[in-house]
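Protein chains: 2
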Amino acid sequence: MPTRTALSGRLLYAQSGGVTAVINATAAGVIEAARAKGVQVYAARNGILGALREELIDTTKETRTAVAALRHTPGGAFGSCRYKLKSLEANRAEYERLIEVFRAHDIRWFLYNGGNDSADTALKISQLGKAMDYDIRCIGVPKTVDNDLAVTDCCPGFGSVAKYTAVSTLEASLDVASMANTSTKVFILEVMGRHAGWIAAAAGLAGEGADAPPHIILFPERVFDEQAFLAKVKATVERVGWCTVVASEGIRNAEGQFLAEAGTRDAFGHSQLGGVAPVLAALVKEKLGYKYHWALPDYLQRSARHLASKTDAEQAYAVGQAAVDYALAGMNAVMPVIVRSSDAPYRWKVEPAALHKIANREKKMPGSFLTRDGFGITAAARRYLAPLIQGEAHPPHGRDGLPMYGRLKNTSVTKKLPTFEH
Amino acid sequence: MPTRTALSGRLLYAQSGGVTAVINATAAGVIEAARAKGVQVYAARNGILGALREELIDTTKETRTAVAALRHTPGGAFGSCRYKLKSLEANRAEYERLIEVFRAHDIRWFLYNGGNDSADTALKISQLGKAMDYDIRCIGVPKTVDNDLAVTDCCPGFGSVAKYTAVSTLEASLDVASMANTSTKVFILEVMGRHAGWIAAAAGLAGEGADAPPHIILFPERVFDEQAFLAKVKATVERVGWCTVVASEGIRNAEGQFLAEAGTRDAFGHSQLGGVAPVLAALVKEKLGYKYHWALPDYLQRSARHLASKTDAEQAYAVGQAAVDYALAGMNAVMPVIVRSSDAPYRWKVEPAALHKIANREKKMPGSFLTRDGFGITAAARRYLAPLIQGEAHPPHGRDGLPMYGRLKNTSVTKKLPTFEH
Chain G
1 MPTRTALSGR
11 LLYAQSGGVT
21 AVINATAAGV
31 IEAARAKGVQ
41 VYAARNGILG
51 ALREELIDTT
61 KETRTAVAAL
71 RHTPGGAFGS
81 CRYKLKSLEA
91 NRAEYERLIE
101 VFRAHDIRWF
111 LYNGGNDSAD
121 TALKISQLGK
131 AMDYDIRCIG
141 VPKTVDNDLA
151 VTDCCPGFGS
161 VAKYTAVSTL
171 EASLDVASMA
181 NTSTKVFILE
191 VMGRHAGWIA
201 AAAGLAGEGA
211 DAPPHIILFP
221 ERVFDEQAFL
231 AKVKATVERV
241 GWCTVVASEG
251 IRNAEGQFLA
261 EAGTRDAFGH
271 SQLGGVAPVL
281 AALVKEKLGY
291 KYHWALPDYL
301 QRSARHLASK
311 TDAEQAYAVG
321 QAAVDYALAG
331 MNAVMPVIVR
341 SSDAPYRWKV
351 EPAALHKIAN
361 REKKMPGSFL
371 TRDGFGITAA
381 ARRYLAPLIQ
391 GEAHPPHGRD
401 GLPMYGRLKN
411 TSVTKKLPTF
421 EH
Chain E
1 MPTRTALSGR
11 LLYAQSGGVT
21 AVINATAAGV
31 IEAARAKGVQ
41 VYAARNGILG
51 ALREELIDTT
61 KETRTAVAAL
71 RHTPGGAFGS
81 CRYKLKSLEA
91 NRAEYERLIE
101 VFRAHDIRWF
111 LYNGGNDSAD
121 TALKISQLGK
131 AMDYDIRCIG
141 VPKTVDNDLA
151 VTDCCPGFGS
161 VAKYTAVSTL
171 EASLDVASMA
181 NTSTKVFILE
191 VMGRHAGWIA
201 AAAGLAGEGA
211 DAPPHIILFP
221 ERVFDEQAFL
231 AKVKATVERV
241 GWCTVVASEG
251 IRNAEGQFLA
261 EAGTRDAFGH
271 SQLGGVAPVL
281 AALVKEKLGY
291 KYHWALPDYL
301 QRSARHLASK
311 TDAEQAYAVG
321 QAAVDYALAG
331 MNAVMPVIVR
341 SSDAPYRWKV
351 EPAALHKIAN
361 REKKMPGSFL
371 TRDGFGITAA
381 ARRYLAPLIQ
391 GEAHPPHGRD
401 GLPMYGRLKN
411 TSVTKKLPTF
421 EH
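Taken in sequence, the protein lines are chains G and E. Per my numbering, residue 1 is the first one in the first sequence, and the count goes up by one each step. Per my numbering, residue 1 is the first one in the second sequence, and the count goes up by one each step.
This is chain G alone, in the form it adopts within the complex (with noise of 0.2 Å):
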């Protein structure tokens, strides 16, 4: 190996899992701050599986303007992927390809952004230097809409689906509260989240109080009563006139099985889920007999930029930046994460944690944050969850009406080595 002066190598970046209305703003924390430090910043296409194939951009002939932009821009700029390393005994090729790669473009960083899957390989990664002598530093990077990393306060990513959920909440039940005295009485907006229920809470948000929407709100956390949740969505109609729940797609019945069950599976042996709504609402229909309209955004609330939280925003950019902080003062097998220490005046600082406190861990939603019946929020989840929709972030509009959505280069390194099946 050459001799290496203090910031003598390239950073590779790449993205992992699903993205968010912000994992691209982490991406320009990471090339702006190592730009500053003038460190080059390579790219994984297509996250991880980029890294092993060799596929990499060079972020260096991107514009500042166009990395600049990226702080607005949804979607994740150099493609993302679902694909978890195996362990190191089952599939050591992988990580070693990864090592050849890292050696062939001299990557000396490596930051991976993603949720608990990631931090684990990012963890592996890291351990990965030593046993195959070759000086890789790697730090994991957060990101989920679901906010279920171990550690951190919350996760960039989620605050924008929240405030999405919070705000889609309360205009749709504007909407149901004009039509209920002869159409609408039940509306359902089914939100993501396989196991926890945080961006259901989020919906919470929208209203205080008994009569304010959301009136029911069903959490993975708790097993779905039937009897319970009729009599309360019959209740709220016969009190409030009308009633708005919010569902999360991964609530489940008393013997385990996901109400929506779809009977796929994505690339992490995940069931793939959705659908929780129609099934509800045909619930509703054929038990109370009111006529109901349901939701079910998708994509569309991870994605949603034009309305996403300027604390979310602000937080995944400065956890970028820490990223390349740590990497470059020589730190390995660490997060930045978020630490709260005011609720209101809210006031959070990044700190690095250590990845094997976050690795495959999952942060689940205290027990304190539902209510007693199971279909809402508490007082304590409220002043967790509302700092985090605070403040708009408003992407520059074109005089077309659109967001200004930037779009990268995304101009590909040459190859330098075989190509590697895996």
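Calculated directly from the structure, the hints in this document are not laboratory data. No experiment lies behind these values; they were computed from the predicted model shown. It is possible that some hints are incorrect.
[Said to hold, decoys possible] With a straight-line cut-off of 20 Å between C-alpha atoms, the simulated EDC-like cross-links for lysine to aspartate or glutamate are: (1) G:232 <-> G:208; (2) E:310 <-> G:32; (3) G:357 <-> G:148; (4) G:364 <-> G:148; (5) G:285 <-> G:238; (6) E:416 <-> E:208; (7) G:310 <-> E:89; (8) E:357 <-> E:148; (9) E:291 <-> G:261; (10) E:364 <-> E:148; (11) G:285 <-> G:225; (12) G:409 <-> E:211; (13) E:234 <-> E:89; (14) E:285 <-> G:261; (15) G:416 <-> G:100; (16) E:416 <-> E:55; (17) G:37 <-> G:325; (18) E:357 <-> E:153; (19) G:416 <-> G:96; (20) E:363 <-> E:153; (21) G:409 <-> E:208; (22) E:310 <-> G:392; (23) E:130 <-> E:89; (24) E:291 <-> E:226; (25) G:61 <-> G:32; (26) G:130 <-> G:100; (27) G:310 <-> E:400; (28) E:409 <-> G:211; (29) E:409 <-> G:208; (30) E:130 <-> E:153.
Given the coordinates of chain G, assemble chain E onto it according to the supplied hints.
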């Protein structure tokens, strides 16, 4: 009858049918214009039903600030309804009751804010004064997300749902593009539009060119051709890597059946649709094997005041003001309509049009707006649609991160008549 001065009597305003993101801007236009002329405005609670039931709201109890807030508040502030008056022959009692209520509260002008059906109701009422020897002037005020009113160049409410649809298509497509390498290849967005594909067409503003999303739009104006659809999905995924489909809820097969027929009907006798997206998704999965996601924003699309078109919000306000001007000038059986004099720069004005030219008619999308294969929009469609989504009209947001939507007191007017059984 007592002798009347020019502006003696009250004005009654009612909202009808499905509400929009900007129908309250029309209400603000009505109330502010009437106040400027010293005329008191009553509003009917829950549309025409409030008039029949003598459930009237005294808007003079609302502050200037509360009325001004209507300009940025979605839903229907006084309640709307799905209720169509029968013909004069079939239910003369209802019409007599309306006149009775008007007479009891000195209602001399009636403004009915709705779509095709409501224009028909307004026309009937406009003819009633003479038949029943009561001096009432009736003005229809346009409103519908469906954009299917005759004569007017566009309908207040449409521009905002068009903007929501275009922006959502763009944002979700950026998400899909990031994930397509290992995950979702086909994304299907279902939008409103029973008989006309105006909203679906607006999705076309998200991008231009064969590779830009949406790659396929399915219009109710064209028979759904499964083979052609699947062939285009396949070709798009093979060429671009992914495919965004926008489907109108009202698409039908060659037998004339709705793909999403739910078998239930609303109060106007229309089929209650919803759920063509999962049908298409299942088809894509079964025939092509691609991983899919689908979204069905339902009420979110028509209540998304946070993303309203400035053009639309301004037109909604302007037709409210014009309706008052026409009424107080003694006009009857007219509707203020939008007249376009230029596409670019966009120029429009409001003019009165005869209700009999509008009632019960339906503006179809011109054949020249659809591409030859029926899966996209033409340059002519873009010229028409583009101005309607221009400009942002962000509502003010509170420190809590939510839009500051207004709420009226809606003080009831004391009833003077016996209960009416309808």
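Checked hints:
1. G:232 <-> G:208: Holds, because 17 Å separates the two Cα atoms, which is no more than 20 Å.
2. E:310 <-> G:32: Between residue 310 of chain E and residue 32 of chain G the Cα gap is close to 34 Å, so the pair fails against 20 Å, i.e. violated.
3. G:357 <-> G:148: Answer holds: residue 357 of chain G to residue 148 of chain G is near 13 Å, not above 20 Å.
4. G:364 <-> G:148: The given pair, whose Cα atoms are some 7 Å apart, holds under the 20 Å limit.
5. G:285 <-> G:238: 15 Å, holds
6. E:416 <-> E:208: The hint is violated at about 59 Å.
7. G:310 <-> E:89: 59 Å, violated
8. E:357 <-> E:148: 13 Å, holds
9. E:291 <-> G:261: 16 Å, holds
10. E:364 <-> E:148: Distance ~7 Å between residue 364 of chain E and residue 148 of chain E Cα, so the pair holds.
11. G:285 <-> G:225: 17 Å, holds
12. G:409 <-> E:211: Holds: residue 409 of chain G and residue 211 of chain E sit about 16 Å apart, inside 20 Å.
13. E:234 <-> E:89: 56 Å, violated
14. E:285 <-> G:261: 16 Å, holds
15. G:416 <-> G:100: Distance ~10 Å between residue 416 of chain G and residue 100 of chain G Cα, so the pair holds.
16. E:416 <-> E:55: Roughly 10 Å between the alpha carbons, so the hint for residue 416 of chain E and residue 55 of chain E holds.
17. G:37 <-> G:325: 9 Å, holds
18. E:357 <-> E:153: 14 Å, holds
19. G:416 <-> G:96: 16 Å, holds
20. E:363 <-> E:153: 10 Å, holds
21. G:409 <-> E:208: 18 Å, holds
22. E:310 <-> G:392: This hinted pair holds, its Cα atoms lying about 18 Å apart.
23. E:130 <-> E:89: Within the cut-off at roughly 16 Å; holds.
24. E:291 <-> E:226: Holds - the C-alpha atoms of residue 226 of chain E and residue 291 of chain E are around 18 Å apart, at most 20 Å.
25. G:61 <-> G:32: The given pair, whose Cα atoms are some 13 Å apart, holds under the 20 Å limit.
26. G:130 <-> G:100: 14 Å, holds
27. G:310 <-> E:400: 12 Å, holds
28. E:409 <-> G:211: Measuring from Cα to Cα gives roughly 16 Å; hence the hint holds.
29. E:409 <-> G:208: 19 Å, holds
30. E:130 <-> E:153: Measuring from Cα to Cα gives roughly 31 Å; hence the hint is violated.
Of the numbered hints given earlier, the model fails hints 2, 6, 7, 13, 30; all others are met.
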